[in-house]
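Peer 1: Chains as they are written, first to last, in the numbering used here: chain G, 1 to 152; chain P, 1 to 152; chain V, 1 to 83; chain R, 1 to 83.
If you're looking for bench data, these hints aren't it; they were derived computationally from the structure.
Only a predicted model underlies this, so the values are computations on that prediction, with no experimental measurement involved.
Every residue, glycine too, gets a C-beta built ideally from N, C-alpha and C.
Do not take every clue at face value.
As a list, the in silico BS3-like pairs of lysine-lysine whose alpha-carbon atoms are at most 30 Å apart [what the hints assert, rightly or not]: (1) R/Lys2 / P/Lys86; (2) R/Lys2 / R/Lys63; (3) R/Lys63 / P/Lys27; (4) G/Lys27 / P/Lys86; (5) G/Lys27 / V/Lys60; (6) P/Lys86 / G/Lys86; (7) P/Lys126 / G/Lys27; (8) V/Lys2 / G/Lys126; (9) G/Lys27 / V/Lys2; (10) G/Lys86 / G/Lys126; (11) P/Lys86 / P/Lys126; (12) V/Lys60 / V/Lys2; (13) R/Lys15 / R/Lys2.
For the chain G half of the interface with chain P, some residues (derived, Cβ under 7 Å), not all of them [said to hold, decoys possible]: (14) Lys27; (15) Gly31; (16) Val33; (17) Phe35; (18) Gly37; (19) Pro89; (20) Arg103; (21) Glu111; (22) Met114; (23) Lys126; (24) Ile130.
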Amino acid sequence: MAATTIRIQSEDFDLSAEIGRLTCGRKDIGGVVSFVGYCRDEGGSLAALELEHYPGMAEEEIARICDEAGKRWPVLGLTVVHRFGKIRPGEQIVLVIAASSHRRAAFEAAEFVMDFLKSRAPFWKKEHGISGRSGDWVSARDEDEQALVRWN
Amino acid sequence: MAATTIRIQSEDFDLSAEIGRLTCGRKDIGGVVSFVGYCRDEGGSLAALELEHYPGMAEEEIARICDEAGKRWPVLGLTVVHRFGKIRPGEQIVLVIAASSHRRAAFEAAEFVMDFLKSRAPFWKKEHGISGRSGDWVSARDEDEQALVRWN
Amino acid sequence: MKVVYFAWLRERIGKPDEEIAFPETVRTVADALRHLTALGEEYAYAFERPEIIRAALDRKHVKPESPLGTAREIAFFPPMTGG
Amino acid sequence: MKVVYFAWLRERIGKPDEEIAFPETVRTVADALRHLTALGEEYAYAFERPEIIRAALDRKHVKPESPLGTAREIAFFPPMTGG
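So that you can see chain G by itself, here it is in the shape it has in the complex:
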């Protein structure tokens, strides 16, 4: 099974360091796919996102998603880091890394984990506008729910 690392943290993360941890000393990894999600400024209207999560369940739910990915693809390593708290435009929010002998498995496992993380991991985003007013909670997008259908 894959070496899996899951962390929920307020601090930023370092992609290269995380990949280094996954690949360090290994010579059987052929490809590493990583996804980094960023906070967009929504055309300049957004001052910050505030991310709330369900401590404990967030880690457990992501672990379940990673287990499922490990059953579907021959992954050699999986890393997921998700931040909470206030995040400003241009900053990193989430990281998924999948390592495998072959590129296709790494691409699919990484996208699978991101798709399920979006709709299944207990995180909620609140938008704070540049006007200073406390913002609205982001609505779940239908297309995120739709994205799960292709993995059935």
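Using the hints, position chains P, V and R against chain G.
Peer 2: Chains P, V and R only, in chain G's frame:
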């Protein structure tokens, strides 16, 4: 159109630096997918790969592939770095980065570029075994050719 | 039983969690939601669209018809928007 | 016309490139390949399985039936194995 960076070089590359160059100062990027291909040791039998390329055509062919990706998906940036020369197990061979507002486009563009790069960019790998004997040229794999079919 | 709320459910109800002694007649997640809805105006507001509310029992996603069983913690929250 | 070879074609022919004056009868990529095959043992060995050989004209992939036209450089190579 996407900001596209293509480099063919013998030196190693730094994934974080390349992503930084792509995302620097931008606040419209929602997701960045990157792929790094590594040299595997093939169960301990491989001492090194030697990568030959067709200078000029390699850059041009990758540029054509990136152009096509830019037409198919709303990518905000694409970076491809491919090494040549002698590469040892555990070392990086190739890097593809795709940035977009949305994750799906970034995943698909990155995988598209990798699939076409594998079968269309003029690179050839020769294996040098640990026995010291000068090795064989790697044969093209049918599944790499097959991988292109899904993009039709 | 410990009941926890997240995002706008937490804001509308005005607290992150509380201890609730559900009566014996409350057997499923949907029963618990209906019970809470009747506790006051803020609950009625929080649960005004029960069909979009998600729930977890002991930190696992569950459906409305799932029995509470021996779970120690039930959570209610809006659809997730992480990633 | 400049002719360039890569990978095991280069090794078998024993040089990376050369200048070849193709006769007028050589009009297509396949014609050029056949012409080269007849140049000697090392060429015959390099092109012994013409169906797997790939070609580029002025650095663009072409098919066997493509006319040489005014191209200045033709390249022959095995299927690519980069990435």
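Peer 1: Against this structure, judge whether each hint is valid.
Peer 2: Each hint, compared with the structure:
Pair hint R/Lys2 plus P/Lys86 holds up; C-alpha atoms about 27 Å apart against a cutoff of 30 Å. At roughly 18 Å between alpha-carbon atoms, R/Lys2 and R/Lys63 fall within 30 Å of each other, so this suggested pair holds. At most 30 Å may separate the alpha-carbon atoms for a hinted pair to count; R/Lys63 and P/Lys27 exceed this at roughly 44 Å. A C-alpha spacing of about 16 Å is found between G/Lys27 and P/Lys86, which places the hinted pair at or below 30 Å, so the restraint holds.
For the hint linking G/Lys27 to V/Lys60, the alpha-carbon distance of about 37 Å lies beyond 30 Å, and the restraint is violated. Annotation: proposed proximity of P/Lys86 to G/Lys86 is violated, straight-line Cα distance about 46 Å (limit 30 Å). Proposed proximity of P/Lys126 and G/Lys27 is supported: the alpha carbons are some 18 Å apart, at most 30 Å. A hinted pair counts as satisfied when its Cα atoms are at most 30 Å apart, and V/Lys2 with G/Lys126 qualifies at roughly 25 Å.
At most 30 Å may separate the alpha-carbon atoms for a hinted pair to count; G/Lys27 and V/Lys2 exceed this at roughly 48 Å. For the hint linking G/Lys86 to G/Lys126, the alpha-carbon distance of about 9 Å falls within 30 Å, and the restraint holds. Of the pairs offered as hints, the one joining P/Lys86 and P/Lys126 holds, with about 9 Å between alpha carbons and a cut-off of 30 Å not exceeded. In summary, the hint linking V/Lys60 to V/Lys2 is supported, as the alpha carbons are separated by about 14 Å, within the 30 Å threshold.
Between R/Lys15 and R/Lys2 the CA atoms are separated by roughly 12 Å; this keeps the pair inside 30 Å, and the hint holds. Because the smallest distance between the Cβ of G/Lys27 and any Cβ of chain P comes to about 4 Å, under 7 Å, the interface hint for this residue holds. Taking 7 Å as the C-beta cut-off, the interface hint given for G/Gly31 holds, the closest approach to chain P being about 5 Å. Hint on G/Val33 holds. Least Cβ distance to chain P is approximately 5 Å, under the 7 Å limit.
With 7 Å as the threshold, the beta carbon of G/Phe35 comes within range of chain P, its nearest partner Cβ sitting at about 5 Å, so the hint holds. Nearest Cβ of chain P to the Cβ of G/Gly37: about 5 Å, under the 7 Å cut. The hint holds. Of the supplied interface hints, the one on G/Pro89 holds, with its beta-carbon coming within about 4 Å of a beta-carbon of chain P, less than 7 Å. The closest approach between the C-beta of G/Arg103 and any C-beta of chain P is roughly 6 Å, which is under the 7 Å cut-off, so the hint is satisfied.
At its closest, the beta carbon of G/Glu111 sits 5 Å from a beta carbon of chain P; the interface hint therefore holds under the 7 Å criterion. Because the closest C-beta pair between G/Met114 and chain P is about 6 Å apart, less than 7 Å, the hint holds. For G/Lys126, the interface hint is violated, the least distance from its beta-carbon to any beta-carbon of chain P being 17 Å, above 7 Å. Below 7 Å, beta-carbon pairs count as interface contacts, and G/Ile130 has none with chain P, the closest being about 12 Å; its hint is therefore violated.
When held up to the earlier numbered hints, the structure conflicts with 3, 5, 6, 9, 23, 24 and fits the remainder.
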